[in-house]
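Protein sequence lines, in the order shown, are assigned to chains D and G.
Each residue of the first sequence is one higher than the last, beginning at 1 in the numbering used here.
Each residue of the second sequence is one higher than the last, beginning at 1 in the numbering used here.
Since the hints were derived computationally from the structure, they do not count as laboratory data.
Errors might be hidden in some of the hints.
[Said to hold, decoys possible] Derived BS3-like pairs (lysine-lysine); straight-line CA-CA distance at most 27 Å:
{"id": "1", "chain 1": "D", "residue 1": "LYS17", "chain 2": "G", "residue 2": "LYS216"}
{"id": "2", "chain 1": "G", "residue 1": "LYS62", "chain 2": "D", "residue 2": "LYS128"}
{"id": "3", "chain 1": "D", "residue 1": "LYS57", "chain 2": "G", "residue 2": "LYS52"}
{"id": "4", "chain 1": "D", "residue 1": "LYS57", "chain 2": "G", "residue 2": "LYS160"}
{"id": "5", "chain 1": "D", "residue 1": "LYS21", "chain 2": "G", "residue 2": "LYS62"}
{"id": "6", "chain 1": "D", "residue 1": "LYS28", "chain 2": "G", "residue 2": "LYS62"}
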Amino acid sequence: MSDQEIISQLRTGQQHKALVKLYAHLPKVERMVRNHSGTRADAKDLFQDALIILLGKAKDEGFTLSCSISTYLYAICRNRWQEELRRRGRFTQELEALPEEPNDLGAVLADEQNISLAERALQALGDKCQELLKRFYLLKEPLLTIAKSIGLAGEGAAKTRKYKCLEEARKRYRSLLAQGSVAQPQHP
Amino acid sequence: MRDELNLIELADRYLRGEMNATDSAAFEVRMRTNAELRELAEDQRALLGGIKRLALRPAVNKAYRSYKFGKWLPRIGGAVVIAVLAVGAWMLVKESGHSAEAASDASGQVEQLLALSDTTGTGLPALVMMIDPKKDTTMITPNGLVVDIPKGAFIDEAGKAITKPVRVTMLEAIDGVDIMKAGLITMSGDTLLETGGMFYIDAQVDGKRVSIDPTKPLTVMVPSEQADPRMMLYEGVMTEEGVVDWRNPKPLSHTLIPVDITTLDFYPPGYLAKVAELEKDATDKRYTDSLYWSFSGEYARYAFQGEAAPADSSWTDSLTDKAFARSADANSHGHMKGAFLFATNCSSCHRPERDLTGPALNGARQRWEGRGDIYAWIKNSSAYLKTGNHYANELFRKWNKSVMTPHDLSDAEIDQILRYVDMASSPSSGLMGIDPAKVQAIWNERFNGTNIATREFAERMHAVHRTCDNQVLELYANNLDKDLSQLDSMVVHMGHGAFASFALRNDGRVDLPAHAAERLRNVYAEWSQRYAEVARRTQEEFDQKEAQADQQAFQRQIDRQVKDSQQDSERFNKEFNANLRSVYQQLGYPMTPPAPPRSAFAVPITNPGWWNVDKAVLAATTSRSSMSYTDDRSGKTATLTYTPVTIEMADKDSFSELRVYLIPQELNSYQRVMETNGGFTEKLNALFQYDLVCMGWKEGQLYAASRQDISATGSITLSMEPTDEESLRRMVRTPQMTASLVSDLVEQSRHLEWLELEAKRQQAKAKREEFRSALMAVVFPCWGEGVPAAEESPYPSH
Numbered sequence: 001m002s003d004q005e006i007i008s009q010l011r012t013g014q015q016h017k018a019l020v021k022l023y024a025h026l027p028k029v030e031r032m033v034r035n036h037s038g039t040r041a042d043a044k045d046l047f048q049d050a051l052i053i054l055l056g057k058a059k060d061e062g063f064t065l066s067c068s069i070s071t072y073l074y075a076i077c078r079n080r081w082q083e084e085l086r087r088r089g090r091f092t093q094e095l096e097a098l099p100e101e102p103n104d105l106g107a108v109l110a111d112e113q114n115i116s117l118a119e120r121a122l123q124a125l126g127d128k129c130q131e132l133l134k135r136f137y138l139l140k141e142p143l144l145t146i147a148k149s150i151g152l153a154g155e156g157a158a159k160t161r162k163y164k165c166l167e168e169a170r171k172r173y174r175s176l177l178a179q180g181s182v183a184q185p186q187h188p
Numbered sequence: 001m002r003d004e005l006n007l008i009e010l011a012d013r014y015l016r017g018e019m020n021a022t023d024s025a026a027f028e029v030r031m032r033t034n035a036e037l038r039e040l041a042e043d044q045r046a047l048l049g050g051i052k053r054l055a056l057r058p059a060v061n062k063a064y065r066s067y068k069f070g071k072w073l074p075r076i077g078g079a080v081v082i083a084v085l086a087v088g089a090w091m092l093v094k095e096s097g098h099s100a101e102a103a104s105d106a107s108g109q110v111e112q113l114l115a116l117s118d119t120t121g122t123g124l125p126a127l128v129m130m131i132d133p134k135k136d137t138t139m140i141t142p143n144g145l146v147v148d149i150p151k152g153a154f155i156d157e158a159g160k161a162i163t164k165p166v167r168v169t170m171l172e173a174i175d176g177v178d179i180m181k182a183g184l185i186t187m188s189g190d191t192l193l194e195t196g197g198m199f200y201i202d203a204q205v206d207g208k209r210v211s212i213d214p215t216k217p218l219t220v221m222v223p224s225e226q227a228d229p230r231m232m233l234y235e236g237v238m239t240e241e242g243v244v245d246w247r248n249p250k251p252l253s254h255t256l257i258p259v260d261i262t263t264l265d266f267y268p269p270g271y272l273a274k275v276a277e278l279e280k281d282a283t284d285k286r287y288t289d290s291l292y293w294s295f296s297g298e299y300a301r302y303a304f305q306g307e308a309a310p311a312d313s314s315w316t317d318s319l320t321d322k323a324f325a326r327s328a329d330a331n332s333h334g335h336m337k338g339a340f341l342f343a344t345n346c347s348s349c350h351r352p353e354r355d356l357t358g359p360a361l362n363g364a365r366q367r368w369e370g371r372g373d374i375y376a377w378i379k380n381s382s383a384y385l386k387t388g389n390h391y392a393n394e395l396f397r398k399w400n401k402s403v404m405t406p407h408d409l410s411d412a413e414i415d416q417i418l419r420y421v422d423m424a425s426s427p428s429s430g431l432m433g434i435d436p437a438k439v440q441a442i443w444n445e446r447f448n449g450t451n452i453a454t455r456e457f458a459e460r461m462h463a464v465h466r467t468c469d470n471q472v473l474e475l476y477a478n479n480l481d482k483d484l485s486q487l488d489s490m491v492v493h494m495g496h497g498a499f500a501s502f503a504l505r506n507d508g509r510v511d512l513p514a515h516a517a518e519r520l521r522n523v524y525a526e527w528s529q530r531y532a533e534v535a536r537r538t539q540e541e542f543d544q545k546e547a548q549a550d551q552q553a554f555q556r557q558i559d560r561q562v563k564d565s566q567q568d569s570e571r572f573n574k575e576f577n578a579n580l581r582s583v584y585q586q587l588g589y590p591m592t593p594p595a596p597p598r599s600a601f602a603v604p605i606t607n608p609g610w611w612n613v614d615k616a617v618l619a620a621t622t623s624r625s626s627m628s629y630t631d632d633r634s635g636k637t638a639t640l641t642y643t644p645v646t647i648e649m650a651d652k653d654s655f656s657e658l659r660v661y662l663i664p665q666e667l668n669s670y671q672r673v674m675e676t677n678g679g680f681t682e683k684l685n686a687l688f689q690y691d692l693v694c695m696g697w698k699e700g701q702l703y704a705a706s707r708q709d710i711s712a713t714g715s716i717t718l719s720m721e722p723t724d725e726e727s728l729r730r731m732v733r734t735p736q737m738t739a740s741l742v743s744d745l746v747e748q749s750r751h752l753e754w755l756e757l758e759a760k761r762q763q764a765k766a767k768r769e770e771f772r773s774a775l776m777a778v779v780f781p782c783w784g785e786g787v788p789a790a791e792e793s794p795y796p797s798h
């Protein structure tokens with residue numbers, strides 16, 4: 001399966017097969033992380049985040065790969081691990097630089113930290129909240145439909161619930177940001 | 001609040017691109033000027049990204065599991081896979097032998113499960129196959145489950161094997177997502193289970209469910225990332241709430257594959273190599289076997305008794321205590337030294353715990369307490385008997401007046417032995433090695449097809465030898481229906497940490513029908529006892545024979561010595577009297593010979609003067625040297641003359657026994673010429689006429705040479721000729737000799753013959769002991785452990 005085939009599979013409904021295939025790149029990341037004070041679990045989290053980024057990107061019609069998928073995933077993991085090491089105060093460890101880096105890496109990484117914090121904030125919400133937000137923002141289902149399927153009185157109730165969920169998520173996100181201020185990327 | 005809600009609404013719309021260009025531009029302007037709004041928008045953006053993430057994550061996680069699973073897949077097909085006894089897995093095909101009611105219950109549950117999986121819409125991938133039940137069938141599912149269906153596995157209600165094609169349906173939910181989808185909660189009672197996957201098998205003929213012959217179970221191999229030892233097989237039971245509860249956990253294990261037991265090696269490590277090193281044929285299994293088994297006799301001889309565990313299972317409870325007690329005993333250094341001394345000095349006639357040629361030795365010290373000196377008794381019993389000790393004489397009479405051979409042992413060593421024998425007969429027994437009889441009991445065809453007949457067990461057998469603990473072997477042999485790994489853990493608890501590495505391998509067992517394990521347990525118990533008994537009896541008979549031979553030899557030697565010394569003192573007295581008579585004659589004294597002294601050293605010489613002559617004669621006779629005595633009163637001089645003679649013979653060293661006798665004709669007696677510095681030299685008394693006879697034994701043949709009337713000077717060279725007793729008799733007989741003297745001399749030749757045989761016996765014994773002791777350390781790895789080499793012995797030597 002070529003990289004391009006993988007991307008198009010990620011785009012369509014057959015992403016499972018493609019993702020399984022992509023895990024073949026995990027061991028390399030594991031080696032890198034474990035050689036630099038990390039655990040296998042760290043590597044797995046890192047790699048899965050990278051997969052999600054790639055998956056998100058692939059859904060974007062305009063996305064084109066500037067390098068191989070392997071490099072793309074590895075570069076994301078490497079840079080984020082470097083960041084993690086800095087955050088842990090291990091400045092001495094400088095990870096080996098890559099000969100080529102994906103051209104959108106900067107942008108990806110800039111968002112990465114905040115988005116992963118946001119995900120953590122959202123994971124802390126109840127199942128209903130998550131379901132509601134997913135349906136509303138991703139599946140773009142009308143509020144009325146959502147209200148029915150998750151057992152809310154009507155559109156108004158759904159809207160209020162959505163607001164409350166979002167507010168809660170934002171509150172948690174803010175506090176996570178404050179905790180991890182070292183790692184907070186500077187936005188212009 | 002209202003305001004903020006509006007702002008969020010705006011930000012939402014902005015970020016989702018729902019605003020038109022004008023509104024969007026206006027919002028951007030507001031953001032630039034309003035930090036709060038900008039922050040809100042940023043947060044909103046991050047949260048939106050987070051939501052996307054959240055939605056994508058399950059797919060990534062699911063892929064991870066498949067990836068891990070896929071990684072494992074290529075390993076299937078090797079011999080070691082997790083095998084599950086199919087009967088009882090998630091409501092499999094109903095078990096045969098159940099009542100009709102129970103069967104219909106089970107099928108009801110199966111139906112519900114089927115319905116359950118159907119309503120999920122996506123459903124579990126159902127694999128449907130028509131199989132021919134007359135053949136072995138193996139199927140592999142998309143998720144890698146391997147199902148092995150032996151021929152004739154399916155039976156109808158009458159218990160007859162089904163011949164029509166069987167419709168086999170399989171559902172599998174290996175992946176967590178599939179499990180959730182199928183609505184299968186992994187709960188067992190109130191406990192949440194980590195699952196390694198679930199599967200369902202159904203078999204039908206013409207729409208009717210069929211049973212599985214319990215003697216031909218299906219085997220399902222479930223792929224798993226790693227063999228987690230905690231993983232168990234649960235049975236799914238549908239509860240009233242429509243939830244599957246997982247019950248009756250059974251451990252999973254690697255099945256063992258039995259091989260031909262005679263191809264395995266259960267010998268102690270290094271045994272065959274040692275046999276080869278001792279230049280015996282190590283490739284002849286019949287020889288190496290019988291040699292090894294014979295050491296069971298040695299085991300019975302030296303090992304502590306009372307060690308054999310009772311056959312019932314309750315003994316395992318006290319295992320740890322026993323193991324501790326034993327290791328504490330065995331650690332004592334003196335104990336091993338005692339065992340060693342006992343084995344080398346006492347074991348031919350004694351056992352610690354029971355009577356043999358001599359009495360059981362345990363408690364001997366206590367019995368002697370206040371009754372006599374046990375040290376003196378052990379060192380030299382004959383001497384101690386003469387002291388008139390009452391208890392010693394009582395023992396002597398009680399044990400058929402058999403003499404205990406003297407022992408060259410120090411008091412400290414005797415202490416070691418006595419401590420050993422007291423401890424040896426106590427039930428918490430000591431370590432030496434594995435009783436070969438116990439190994440013999442399991443190492444035969446009878447145990448083919450059991451755990452014992454596996455390479456896995458053979459590996460353990462080597463380690464079992466190293467533990468020197470028979471209870472470890474018992475544990476494996478008595479629990480053929482248990483997983484090896486389970487037994488490994490028990491062995492670890494018995495204090496043998498080395499078995500932890502076996503326990504971790506999670507080796508299972510060879511499945512046996514329930515009654516077979518029981519039957520084999522009995523076989524083992526009975527056989528190991530029988531073999532041990534035979535070996536013990538053989539060893540004891542052998543020991544007793546040896547002991548008897550030793551004792552007879554000892555007795556015979558003593559008898560001979562007593563006779564010889566009597567004869568010699570008689571001869572001395574005769575010679576002394578003859579000398580005295582001659583001297584009295586020369587001095588002109590009347591012949592009034594004093595009463596013959598009782599022995600050379602007990603001549604009463606208390607009265608100097610008159611007895612001066614006698615004294616001089618006695619000295620000359622004793623030292624066999626010439627004498628010249630001048631009497632003070634008469635002025636006469638008397639002389640006695642001794643002249644040396646040397647006897648030579650060809651091939652002197654080729655004889656195993658050699659005796660030279662001088663026969664002074666005037667005395668009707670004989671005198672043995674001792675060999676000194678490699679030659680036979682003696683001084684001849686000029687008063688007598690000597691004949692010479694020489695006899696020797698070589699390879700069971702008597703040789704002899706004689707010379708009549710040997711001259712009193714120089715040397716004589718004899719040439720030995722093969723002869724027999726009759727010729728010898730004719731050879732030595734002279735007119736002056738009495739018949740009994742001739743018989744005495746001839747009897748000496750018989751003693752020589754016996755001496756040669758005895759030497760051969762001792763030689764063979766030594767050789768045998770050398771050979772066996774070379775093997776002892778290999779056959780019994782703990783034998784001699786802690787027995788110090790002589791030079792570093794901390795014990796006083798003598």
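Going down the list of hints, with the structure as the test:
1. The hinted pair formed by LYS17 (chain D) and LYS216 (chain G) fails the criterion: a straight-line CA distance of about 38 Å is larger than 27 Å.
2. Taking the CA atoms of LYS62 (chain G) and LYS128 (chain D), the gap is near 22 Å; set against the 27 Å cutoff, the hint holds.
3. Our distance criterion of 27 Å between C-alpha atoms is met by LYS57 (chain D) and LYS52 (chain G), whose separation comes to about 11 Å.
4. Taken as a hint, the LYS57 (chain D) and LYS160 (chain G) pair is broken in the structure, with Cα atoms around 62 Å apart against an allowance of 27 Å.
5. For the given pair, LYS21 (chain D) sits about 12 Å from LYS62 (chain G) by alpha-carbon distance, which is consistent with the 27 Å threshold.
6. This hinted pair checks out: LYS28 (chain D) and LYS62 (chain G) have alpha carbons roughly 20 Å apart, not beyond 27 Å.
When held up to the earlier numbered hints, the structure conflicts with 1 and 4 and fits the remainder.
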